[in-house]
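Trainee: Chains as they are written, first to last, in the working numbering: chain Z, 1 to 419; chain R, 1 to 419; chain G, 1 to 157; chain A, 1 to 157.
It should be emphasised that the hints constitute simulated quantities derived from the structure, not laboratory data.
Cβ coordinates follow ideal geometry from the N, Cα and C atoms, glycine included.
Mixed in with the good hints there might be a few duds.
As the list claims (entries may be wrong) - Short, incomplete list of chain R residues facing chain Z, as computed with Cβ under 8 Å:
hint	residue
1	V67
2	H135
3	T288
4	A292
5	S329
Claimed, not checked - Some residues of chain G that are not near chain Z, with every Cβ distance over 12 Å (derived):
hint	residue
6	H26
7	D65
8	V98
9	T150
Said to hold, decoys possible - Okay, derived cross-link-like pairs now, DSS-like style, lysine-lysine, Cα gap no bigger than 27 Å in a straight line:
hint	chain 1	residue 1	chain 2	residue 2
10	G	K109	Z	K29
11	A	K53	A	K27
12	R	K82	G	K130
13	G	K157	R	K82
14	R	K44	R	K16
15	R	K44	Z	K16
16	R	K44	Z	K44
17	Z	K82	A	K109
18	A	K130	R	K29
19	Z	K44	R	K151
20	A	K130	Z	K82
21	R	K82	G	K109
22	A	K109	R	K29
23	Z	K29	G	K8
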Amino acid sequence: MTHTLPGLLDTDAIRKDFPVLSRTLHDGKPLVYLDNAATSQKPKQVLDALNRYYEMHNANVHRGVHVLAEEATALYEGARDKVAEFINAPSRDEVVFTKNSSEALNLVANMLTWADEPFRVGPGSDVVITEMEHHSNIVPWQLLCQRTGAKLKWFGLTDDGRLDLSNIEQVITEETKVVSVVHTSNILGTVNPLDAIVRRAHDVGALVVVDASQAAPHVPLDVQALEADFVAFTGHKMLAPTGIGVLWGRLGLLEELPPFLGGGEMIETVTMSASTYAPAPHKFEAGTPPIAQAVGLGAAIDYLNAIGMDKVAAHEHALTAYAIDALKSVEGLEIIGPDTALDRGAAISFKFGDLHPHDVGQVLDEQGIAVRVGHHCARPVCLRYGVPATTRASFYLYSTPGEVDALVAGLEHVRGFFG
Amino acid sequence: MTHTLPGLLDTDAIRKDFPVLSRTLHDGKPLVYLDNAATSQKPKQVLDALNRYYEMHNANVHRGVHVLAEEATALYEGARDKVAEFINAPSRDEVVFTKNSSEALNLVANMLTWADEPFRVGPGSDVVITEMEHHSNIVPWQLLCQRTGAKLKWFGLTDDGRLDLSNIEQVITEETKVVSVVHTSNILGTVNPLDAIVRRAHDVGALVVVDASQAAPHVPLDVQALEADFVAFTGHKMLAPTGIGVLWGRLGLLEELPPFLGGGEMIETVTMSASTYAPAPHKFEAGTPPIAQAVGLGAAIDYLNAIGMDKVAAHEHALTAYAIDALKSVEGLEIIGPDTALDRGAAISFKFGDLHPHDVGQVLDEQGIAVRVGHHCARPVCLRYGVPATTRASFYLYSTPGEVDALVAGLEHVRGFFG
Amino acid sequence: MGANAGMKLDSMYQEIILDHYRNPHHKGLRDPFDTEVHHVNPTCGDEVTLRVKLDGTGADAKVVDVSYEGHGCSISQASASVMTDLVIGRTVVDALKVQEEFLHLMQSKGQAEPDEDVLEDAVAFAGVSKFPARVKCALLGWMAWRDATTQVMEGQK
Amino acid sequence: MGANAGMKLDSMYQEIILDHYRNPHHKGLRDPFDTEVHHVNPTCGDEVTLRVKLDGTGADAKVVDVSYEGHGCSISQASASVMTDLVIGRTVVDALKVQEEFLHLMQSKGQAEPDEDVLEDAVAFAGVSKFPARVKCALLGWMAWRDATTQVMEGQK
Ligand SMILES: Cc1ncc(COP(=O)(O)O)c(C=O)c1O
Ligand SMILES: Cc1ncc(COP(=O)(O)O)c(C=O)c1O
Numbered sequence: 001m002t003h004t005l006p007g008l009l010d011t012d013a014i015r016k017d018f019p020v021l022s023r024t025l026h027d028g029k030p031l032v033y034l035d036n037a038a039t040s041q042k043p044k045q046v047l048d049a050l051n052r053y054y055e056m057h058n059a060n061v062h063r064g065v066h067v068l069a070e071e072a073t074a075l076y077e078g079a080r081d082k083v084a085e086f087i088n089a090p091s092r093d094e095v096v097f098t099k100n101s102s103e104a105l106n107l108v109a110n111m112l113t114w115a116d117e118p119f120r121v122g123p124g125s126d127v128v129i130t131e132m133e134h135h136s137n138i139v140p141w142q143l144l145c146q147r148t149g150a151k152l153k154w155f156g157l158t159d160d161g162r163l164d165l166s167n168i169e170q171v172i173t174e175e176t177k178v179v180s181v182v183h184t185s186n187i188l189g190t191v192n193p194l195d196a197i198v199r200r201a202h203d204v205g206a207l208v209v210v211d212a213s214q215a216a217p218h219v220p221l222d223v224q225a226l227e228a229d230f231v232a233f234t235g236h237k238m239l240a241p242t243g244i245g246v247l248w249g250r251l252g253l254l255e256e257l258p259p260f261l262g263g264g265e266m267i268e269t270v271t272m273s274a275s276t277y278a279p280a281p282h283k284f285e286a287g288t289p290p291i292a293q294a295v296g297l298g299a300a301i302d303y304l305n306a307i308g309m310d311k312v313a314a315h316e317h318a319l320t321a322y323a324i325d326a327l328k329s330v331e332g333l334e335i336i337g338p339d340t341a342l343d344r345g346a347a348i349s350f351k352f353g354d355l356h357p358h359d360v361g362q363v364l365d366e367q368g369i370a371v372r373v374g375h376h377c378a379r380p381v382c383l384r385y386g387v388p389a390t391t392r393a394s395f396y397l398y399s400t401p402g403e404v405d406a407l408v409a410g411l412e413h414v415r416g417f418f419g
Numbered sequence: 001m002t003h004t005l006p007g008l009l010d011t012d013a014i015r016k017d018f019p020v021l022s023r024t025l026h027d028g029k030p031l032v033y034l035d036n037a038a039t040s041q042k043p044k045q046v047l048d049a050l051n052r053y054y055e056m057h058n059a060n061v062h063r064g065v066h067v068l069a070e071e072a073t074a075l076y077e078g079a080r081d082k083v084a085e086f087i088n089a090p091s092r093d094e095v096v097f098t099k100n101s102s103e104a105l106n107l108v109a110n111m112l113t114w115a116d117e118p119f120r121v122g123p124g125s126d127v128v129i130t131e132m133e134h135h136s137n138i139v140p141w142q143l144l145c146q147r148t149g150a151k152l153k154w155f156g157l158t159d160d161g162r163l164d165l166s167n168i169e170q171v172i173t174e175e176t177k178v179v180s181v182v183h184t185s186n187i188l189g190t191v192n193p194l195d196a197i198v199r200r201a202h203d204v205g206a207l208v209v210v211d212a213s214q215a216a217p218h219v220p221l222d223v224q225a226l227e228a229d230f231v232a233f234t235g236h237k238m239l240a241p242t243g244i245g246v247l248w249g250r251l252g253l254l255e256e257l258p259p260f261l262g263g264g265e266m267i268e269t270v271t272m273s274a275s276t277y278a279p280a281p282h283k284f285e286a287g288t289p290p291i292a293q294a295v296g297l298g299a300a301i302d303y304l305n306a307i308g309m310d311k312v313a314a315h316e317h318a319l320t321a322y323a324i325d326a327l328k329s330v331e332g333l334e335i336i337g338p339d340t341a342l343d344r345g346a347a348i349s350f351k352f353g354d355l356h357p358h359d360v361g362q363v364l365d366e367q368g369i370a371v372r373v374g375h376h377c378a379r380p381v382c383l384r385y386g387v388p389a390t391t392r393a394s395f396y397l398y399s400t401p402g403e404v405d406a407l408v409a410g411l412e413h414v415r416g417f418f419g
Numbered sequence: 001m002g003a004n005a006g007m008k009l010d011s012m013y014q015e016i017i018l019d020h021y022r023n024p025h026h027k028g029l030r031d032p033f034d035t036e037v038h039h040v041n042p043t044c045g046d047e048v049t050l051r052v053k054l055d056g057t058g059a060d061a062k063v064v065d066v067s068y069e070g071h072g073c074s075i076s077q078a079s080a081s082v083m084t085d086l087v088i089g090r091t092v093v094d095a096l097k098v099q100e101e102f103l104h105l106m107q108s109k110g111q112a113e114p115d116e117d118v119l120e121d122a123v124a125f126a127g128v129s130k131f132p133a134r135v136k137c138a139l140l141g142w143m144a145w146r147d148a149t150t151q152v153m154e155g156q157k
Numbered sequence: 001m002g003a004n005a006g007m008k009l010d011s012m013y014q015e016i017i018l019d020h021y022r023n024p025h026h027k028g029l030r031d032p033f034d035t036e037v038h039h040v041n042p043t044c045g046d047e048v049t050l051r052v053k054l055d056g057t058g059a060d061a062k063v064v065d066v067s068y069e070g071h072g073c074s075i076s077q078a079s080a081s082v083m084t085d086l087v088i089g090r091t092v093v094d095a096l097k098v099q100e101e102f103l104h105l106m107q108s109k110g111q112a113e114p115d116e117d118v119l120e121d122a123v124a125f126a127g128v129s130k131f132p133a134r135v136k137c138a139l140l141g142w143m144a145w146r147d148a149t150t151q152v153m154e155g156q157k
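Produce the complete structure using the sequences and hints provided.
Mentor: This is the structure we're talking about:
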């Protein structure tokens, strides 16, 4: 077993930035945090940015002429610039701050609920998703369809955990108004071939929404190269605070589509009988935004940029390959999802003999190993593969081969415990 | 001029808890922060709670069996308990976390957009608000009315900045489905007689929504005594982080009304073709919630409770009375809103001669005094009183009579500057 | 059981629990039955389908059979097994008392002293009450039984 | 941070600005006019109603009159006044060049060296560009003029 895989980051140095990673549990066992697909830990650089914001600059943003208000506004809008650059957005005005990915996806579904032609969704129009979506990319579209009379269709999955695009011409048709698809599955780890989907969707005039919640933290994300119309992601999975998410959308669409939440900041002028709306992105940011959280996201992006997203991706790729090999060697373990590191993210779900994931997770926890168990907000995937739940280990830039080894040893212990 | 008004808190001690309050601006001028109606500053106890959360316990909440997930869940749900107790909610399940007040108000408007009988809003039904609402309690209802065909009605204002309820029987009628009204105006400072409105609304079977954004931070708030059906407020105005708000709603209503955002956490069970929803409050909390921010709100509530909300209210009342007297003595200054401290919060808007508020605010800023200028997201109030904008000073538990004096001196300087 | 397991884990995975998990009692769906319910634990995907057969009505009603099928963790499976032992053969009134005692125990966060005379094997679940994420697992079968029984009793009125 | 910490307020409120504020030029709405526009600054409530009267078409078009009414802060009022001095009597082509120069200055965050030959009194606004919240005030009248002029020119095509 070698721990000097090619492409690994200097995790000794990186881990020092993350206070929680030196925590011990259960009588001194070091924390082995393998629940990164659920949420990431935060480096002290991000916490410092939050503290600095609150201790020095805190004020409500926009419309203030005093120093704190100007500073807070500059910091908040500066975070927007950082996000725009991070995802290579053509314009900073295309970056809308939300509270999480779920709000970002609901925002799109709600805009379309009230959209006029040519975007109107109603009886006779289709909405297309996939069977591997997170609930946050399923339920908003179910609600949209229930409320407008549109029909929900979806791509199924192959036995090896990939999208089944064999019937793409039948699934995405002239009736399709919007296709919403996950970039990287949080349960299977699959990275989807978005090109083919975007091309087909745009051929029939459908909008494309990409759920990049598991991509933005892990790989370079270029919204121009993606060619989608909307891209959603969430701060807490990419070193940033909870309470902040992003919707990127094409400016023309953000201008043309109706607003979502109404209130302060999103208006141009208000009378009792009618209002007009501010231009994007403010049109979609009603009320006091998550100011400190956006600043924290900016700091997280600085941290990721300093390392380099290509390097982060290489690290995780090497670690995932190592982990897949190691897990395959565990007797009775069956990976649910692609069982090679090709076109694959760093979340690995598995079945472990007849043991229920709850029991696996509980006994791993006793050894300090934090994995997630359950349906991972992707219950249709569990139904598809005939499992009630899975155990999922997921890695990030601070994860190490040693932690993979600890997981493998932990699983052997689990087997012994229930054996 | 006495600085030992009866009822004042020990602000020397309190101010030590707020790092930003010792900041100096513009070559050493101490910050005089009088923009509390826009957002409050944060005590170190709240920042400590945030740091502790991120450095020790950070994980995604619910459905985790590992220690961090259990701790994060306990902290997050513990914050819900604190909020419930703070507002005397009959049940913790009535406390829904949102990102701010605006989302909370939009949540209610959206539930009603899709509600079935007896809550259905449509052609022939009325929605009632007032002319002193914040844009966040106007625009959601305008959208609701546009989208359902209901009619928007509102209470006007008297010359001295109060609600004109003389025609309450004509405004709230059998057609009225919902009445949404601000507890305390952020621009006028007016505290509204909610009793009369709630009584009339319930007599005709209408729901009552109270925008308590400017009440929860400043006075004891008892949702049972209010007898409203929904109450919204926002963390950042009450010492808590940005990115967290609260909607309190009666449990029966939260159960019966449809969901708002769809996604992870808010479901019971999901298949591709249909989903069922979790019970309240989770039904309304799609996606990863603002976990750290809820924990921070809990710490803010602990801080406020340690002082006592009745004491906070008494402090601000004394200070407001002092400030009104002091401001009235300034030549050319005209208060927009009630000009006594009776039934009044600690936000004071005024006109200062012919000077535009922007200019007033800018020159005050040069002296380290932070006030807000503009329409304060309540443009109809400005229209009503024939001013393009106002200058607003607003106080909180750390504000002092000395700061009021500084404001008065600052205004004299402004006069000289443009004289 | 593994040699290195900490105290806390042993307090959840009592030998009695693991025994019931490995060899569940009364498992499998049987006829005849009065009603069948399906319960789900949304936070983990555990599911149970459960049937009850009562005899008599009102205060005299007796639990004649409880049968179930489902998938879930050791805690939920063992708890359902223990539950059937405790309620089958009892009057509904008595069985509901046991259910309430068990509910009380599970909500106690490890603080309650379980009454072994009432709960028998179910006292082994005391340790589970210290693990908030697992309490719902332990309650799944019991809640399904209670729901099914209530439905039958209501139907008799 | 502290973009304007220690900065002299005087750099914003130049005497020239205060003079134009106290005695605005060309204020009041006048006839004849080709078009009238109404612009609002949503972040502060400043409003301006502005009329333009052109003479000639295309490259020959000349700005014959600009009149306006509105309420706003000293910066927005003074800026509108200075603007009328600079554009009235010029060809549209030349006036648009001045407008662009002014826009460039205002977006410079205090970094640009204003060209006094082109901007005349408007150089006094250089200091305003250091106050992000006030830049929109300084631009309000200019943007309204540009909009109105563009409308007239489009209408002539
Ligand atoms: C009375 C009132 N309502 C609603 C709001 C909106 O609060 P938030 O901006 O936190 O959504 C505010 C604050 O801006 C307010 O003062
Ligand atoms: C693929 C995917 N989509 C959407 C989400 C929802 O993100 P959030 O919970 O931050 O809204 C998640 C994370 O839970 C995810 O993994």
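Trainee: Against each hint, give a clear statement of whether it holds in the structure.
Mentor: Against the structure, the hints:
Taking 8 Å as the C-beta cut-off, the interface hint given for R:V67 holds, the closest approach to chain Z being about 5 Å. At about 5 Å, the closest approach between the beta carbon of R:H135 and any beta carbon in chain Z falls short of 8 Å, and the interface hint on this residue holds. Because the closest C-beta pair between R:T288 and chain Z is about 5 Å apart, less than 8 Å, the hint holds. Restraint check, R:A292 versus chain Z: the minimum CB separation of about 5 Å is within 8 Å; hint holds.
A least Cβ separation of about 24 Å between R:S329 and chain Z goes past the 8 Å threshold, and the interface hint is therefore violated. With a least CB separation of 19 Å from chain Z, G:H26 remains clear of the 12 Å interface cut-off, as annotated. With a minimum CB-CB distance of about 25 Å to chain Z, G:D65 clears the 12 Å threshold, and the non-interface call stands. Every C-beta of chain Z lies more than 12 Å from that of G:V98, the closest at about 25 Å, which supports listing it as non-interface.
Once the 12 Å rule is applied to beta carbons, G:T150 is consistent with being away from chain Z; the minimum gap is 26 Å. The straight-line distance between the Cα atoms of G:K109 and Z:K29 is roughly 24 Å, inside the 27 Å bound, and the hint therefore holds. With a CA separation close to 14 Å, the supplied pair A:K53 and A:K27 stays within the 27 Å bound. For the hint linking R:K82 to G:K130, the alpha-carbon distance of about 22 Å falls within 27 Å, and the restraint holds.
Between G:K157 and R:K82 the alpha-carbon distance is near 42 Å, which puts this suggested pair outside the 27 Å criterion. Pair hint R:K44 plus R:K16 holds up; C-alpha atoms about 9 Å apart against a cutoff of 27 Å. Annotation: proposed proximity of R:K44 to Z:K16 holds, straight-line Cα distance about 25 Å (limit 27 Å). With a C-alpha separation of about 17 Å, the suggested pair R:K44 and Z:K44 falls inside the 27 Å cut-off, and the hint holds.
A threshold of 27 Å between alpha carbons decides the hint, and for Z:K82 with A:K109 the separation of about 19 Å falls inside it, so the pair holds. Taking the CA atoms of A:K130 and R:K29, the gap is about 20 Å. The hint holds against a cut of 27 Å. Proximity of Z:K44 to R:K151 is assessed by CA-CA distance (about 52 Å); at most 27 Å being required, the pair is judged violated. At roughly 22 Å between alpha-carbon atoms, A:K130 and Z:K82 fall within 27 Å of each other, so this suggested pair holds.
About 19 Å separates the Cα atoms of R:K82 and G:K109, which keeps this hinted pair within 27 Å; it holds. As the CA atoms of A:K109 and R:K29 are separated by approximately 24 Å, the hinted pair is consistent with the 27 Å bound. Distance hint between Z:K29 and G:K8 is fulfilled; the C-alpha atoms sit about 14 Å from each other, no more than 27 Å.
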